[in-house]
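Enquirer: Each chain, written out:
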Amino acid sequence: MSSSQIYEQHYRRLDASIPLRAQRWIPIAREGLKALFSLRAYLALISIAWLPVFVRLVQVYFTTRFPEARRVVPVDDKLFFDFLAQQLPWMLLMSAYAGAGLIANDMRTGGLLLYLSRPLTLVDYIFGKVMILFVSLSMVTMVPGLVLFFGARSLAPDVLGAASHLLLVPKIVAMALALVLPTTALVLVMSALARSARFAGLGFFFVFVGSTVAHAIAWRATRSAYAGLISIQATMRRVGEAIFGVKPTRMTADLPPEYAFAVLALLFLGCLFVLKTRVRAVEIVK
Amino acid sequence: MTSETLSLATRPLWPATKDVLLISIERMLPRPRSFWVFLLLSLPVAFGALLRIYPPPGLPLTGFELYGMVIALFFVRNLLPLVALLFGSALISDAVDSKTLTYFLTRPISRLSIFLGEFLAYLVTVLTLTVPCVVVTYLVLCAATPQGAGFGAPDLVQDLAACALTLFTYGAVFALLGVSLKRPLIPGLLFLFVWEGFVANFPGDAPNYTLTAYARSLIRHRPAEEGLAELFSKFFGVGESVLVLGFVGVVSLALAIWIFSRREYVISS
Amino acid sequence: MTPRVVFKKASRWYGPVMALNDVSFELGPGVYGLLGPNGAGKSSLLKLACGQLRPSQGTVELLGRPAFGSPEVFHSVGLCSDTDALFEDFTGFQFVCALLSLNGFGSIQASRLATEVIETVDLKDAMHRKVGGYSKGMRQRIKLAQALAHKPEVLFLDEPLTGMDPQNRKRISDLMKRLGDEGRTVLVSTHILHELEQVTRRVLLIHNGRVLAEGDLGEIRDLLDRHPRSVRLRARDPRGLARELVLLPDLVSLTLEDASGHLLAEIRKPDAFFARVQELSVACGVEEMWVTDENLESVFSYLVSK
Amino acid sequence: MNRSRRLILTAAAVSALGITFSFSARVTGTARAAVGPVPPEALALPADSAVVMGFDVRALTGSQFYAKFGGEGEPGRVEALAEIERKTGLNPARDIDSVVVAVRPQTEDPKSAEPALDGVRRHRPENALVFVTGRFDAARLEASIPETGKASKERRDGVTIYREASGKSNGAVALLDAGILVAGDTASVDTFLANRASGRGIRDNAALVSLLESVEPGSTFWAVGGPSVLSRVTSEIGGPAANLPAIKQVVAYGHLDPEVGMTATAEAADAKSATKIADVLRGFSALLSLQAGQKAELAQIADSISVATEDDKVHVKATITHELIDSLKKSAGSHVRTHKGVAPDENEIQ
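Order-wise, the sequence lines are chains C, Z, V and S. Following my numbering, the residues of the first sequence are numbered contiguously, the last one being 286. Following my numbering, the residues of the second sequence are numbered contiguously, the last one being 555. Following my numbering, the residues of the third sequence are numbered contiguously, the last one being 861. Following my numbering, the residues of the fourth sequence are numbered contiguously, the last one being 1211.
These aren't lab readings, by the way, just hints derived from the structure by calculation. Here a beta-carbon is modelled for each residue, glycine too, at the ideal position from N, C-alpha and C. Check the hints yourself; a few may be wrong.
To be verified - Label-pair restraints from in silico Cβ distances: (1) Z:Glu550 <-> C:Ala41: 21 to 31 Å; (2) V:Arg726 <-> C:Leu113: 27 to 37 Å; (3) S:Arg1001 <-> C:Leu167: 40 to 50 Å; (4) V:Arg609 <-> C:Val58: 48 to 58 Å; (5) Z:Glu550 <-> V:Val807: 24 to 34 Å; (6) S:Arg955 <-> Z:Ala447: 18 to 28 Å; (7) Z:Glu550 <-> V:Gly687: 26 to 36 Å; (8) Z:Val536 <-> S:Arg955: 22 to 32 Å; (9) Z:Ala447 <-> V:Lys564: 52 to 62 Å; (10) Z:Trp544 <-> V:Lys691: 31 to 41 Å; (11) V:Lys824 <-> C:Ala41: 51 to 61 Å; (12) S:Val991 <-> Z:Ala447: 26 to 36 Å; (13) Z:Tyr340 <-> C:Ala253: 22 to 32 Å; (14) Z:Ala447 <-> C:Ala253: 34 to 44 Å.
Could you put together the complete structure from these sequences and hints?
Expert: Next comes the structure, spelled out in structure tokens:
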């Protein structure tokens, strides 16, 4: 019996000699944001979302002229908490507008393959996309929140001028992060799961609104504060309430903020994990 | 090849509509998006089952009251308008996006047939997804309770009609958005959450100009309002609500058909 | 016989962009080629012809009726568009049957016609597979099948051979020829000249939205051959290569670019030139070759400038 | 098209099965379905109700009868309704669908039964519970309550309860949901709410249920009464009725279109008593006929009333056409005009 050489056939790792650049996600984020900022509708959405800042600033100015008005509309931590909480609908709309197509479009058109045929890793790609949405959502939450703070501080130095009030800056940033990070991750997961941007955007709304309504029903049925854990909105609000130290709403009054924070953190990490496993350049057709 | 072509006349409306309907249902219903929507719509079933298996101590509501909350808050007020936005706004624009509209436009059928067929397919699809979820939710929450499953049977049928009307009206409105705008999602969401969400709970006559105020009036056994809605929400008679929703739906459909019939769709590679 | 497709001074613009400018022609039975470079206005012309667009000016008639807003003509018209769009979740058979049902055929008749046309385009083995899983060539063929299935009198085929292998190209080209011979009107758009040569000699030349010429393909071929084409070459031994190429009879000029080491040749008979380069490739170390103007664009520029 | 067809058929089958199951549960009585004209939601009315009556306001306002006669009204009444609407946002004709009233016998409460200042011990009116379905503007209703007395608001298990706390009376109003309102004395309202939570109620009173089930479906107005209250009614009315034999139970119902029709069946103690009651009624009818000379319409009314006995039961049927009511109204109007400033004739039927 004669024997012949059998070659083991397998894929071999390519040892690229040129090291990868350090901040490889930057071009993805930069180009994505550039494309968004060139859209009039995007700018319009941001502009509308900034209107409440001016309304609040007028409110603060009013209280400096008529200090007795502060009894009705006090300039305190709650002002900034309420402001951020009220920015939520704009953040959701921005998520659907700017985030729904971020991955879905790439996966539908094969654009992902183009990205990954460059010296980029999947993590770079995802991080770049996360940054696009993070910046967009911060533009309607954190940035206006900080502008409101510094604007209010300069308008009412007697109320917000003390150095201790500078603590509001990390508070605003922390609550904005609690709003923006889980939302960013969730929108990107929906975008990765759906092939159409429209479906991704609506899917995100389905999950967000669905969890809020489910909470409303569960709360009415059980009157248990822990029902709040099923609502993304309620957990965000509870975390915000804890950060700013404001009185919680009756639906979540007894919900420990640590639990709410844990839910948001789990949501964020879970979404990142799904993103990592789901985003593939090549779809296996069975 | 012998010519088997038919005489040169546009096909009659209903047979053509039926053929479009059959194709469109097949393209709408057995799709992953329908599956996900069905999963979301059947959440109350899981919720109800959980409550029945592990009833929380001192549950203050009867099964029928819980069902009332689910149908009013979950279905009619929130999820069904979203379902209508998802499927309704996609009616023609999905075919434009997927570039398959040309297949319909190059057949001997009127554009009215195409639109009606697609809209009927939408209705069949969303009702196929919604109706079993509502019925099963009702059974899970009400069967074998002191009141029994028969207690609210007429309400169940009335609620199904309310769901159908809600889906019809919102679907028509979003179909109108879909044929008029390139990106109907954000305007649709603005309509649902800014207009419908806030204005329905404004004082005075403001709720008269929202659809949700009429849709929620259709649920006779709705739960008591809470929060802002408790102060301001307005309810209308069933007849008035049906009339208004029907009227808005029909007018939106007519407008959508008019726009679709006149519009050119430039579909290119 | 009355012409089936009639363009009378038809123009079409999208906003400020003119896609088609004052086009007039008539098509009777037979196969016609619509030839033009990318962006010439071929697709717009086809869309106007099959009623997907309204002419901004002038008229377009299909089977004696205005093409836009006359859905009844589609009993006798088929379109294979250039978009790669199908009902992805349908099988090939279901896809063709569904569209036949829209033409008013009952299910039995639709099944028969669908099977027949699927055999014609050689997709019988894959007819019960989802079109979402079809290869590019198969997708193209099923698109063609739906356009042919109801046996239309007028067929508009937009780039019908894209993505097909040579065997199927031949099969479909033969089919188009046969349809023309049967007395149907077939308008085939393409930017690849030799694809047309296999099917028809009657062509409409379109460029920048204007019909430049309407006539026999042979004349256009001649025009092309009279128009010298430029070829750029890079070789290890450019001087040696130049020495050999100068001997070719149809060479118009040969330039050696010292700075880059490239050779620039202007030729009249490209086939002979390419064969010779092939022979010399090893000896002279030909590394790269670009045909700098072998696209229709340059031919048309040439025609326009004439 | 097989996949979608399968899905549609499955959905249809599940839905049809579910609906059929619900309705069969209703029919076979395993469920708390409506009892006669009493809607399921009102079944929590106290089991000890002696008289239950109801009015289908929707049917009334939609009737030709209402179209003919309902629009007219004394200016004072219209103003009063407008005032109610202004305060509560409630327009009864528009917002109320149906009303069910349950009258309970007075509970023996020593405090409430104390003699009045004049030392005479009087019968207090029966406890009554009014169950209303319709559309209520909760916010305006609430706003209107403090104007009429001191009221406390309480929310319990999704139900808003307003209790009058003035001390003069002990009324309560409960807004069960946006479509159901229950009002009455505090004890009855509490009983209703407790029944609602426990699933008890009017079904526990088998006698009343059988009476309710004999009401003709679709009646615009109806009333049933059991012995506990009725036995006292005749004696308390006084006058000629005091001599009537006691009525054990009564079922009455009627409609308004195309003519006003009413059917009442009273059950007396025995056949003899029944005949006596019938005779009194026939006498009343004869009295009307006698006055036909003065008013022709009275004869028509007398003709429209038929009285029959069947063992211990008395059946009374009356049918009055809209035209007859119209002419009665007209003649009454002219009569009042003729005798301006003079008290109406004692024979006049208002």
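Enquirer: Looking back at the numbered hints, which does the structure fail to meet, lowest number first?
Expert: Result: hint 5 breaks, nothing else.
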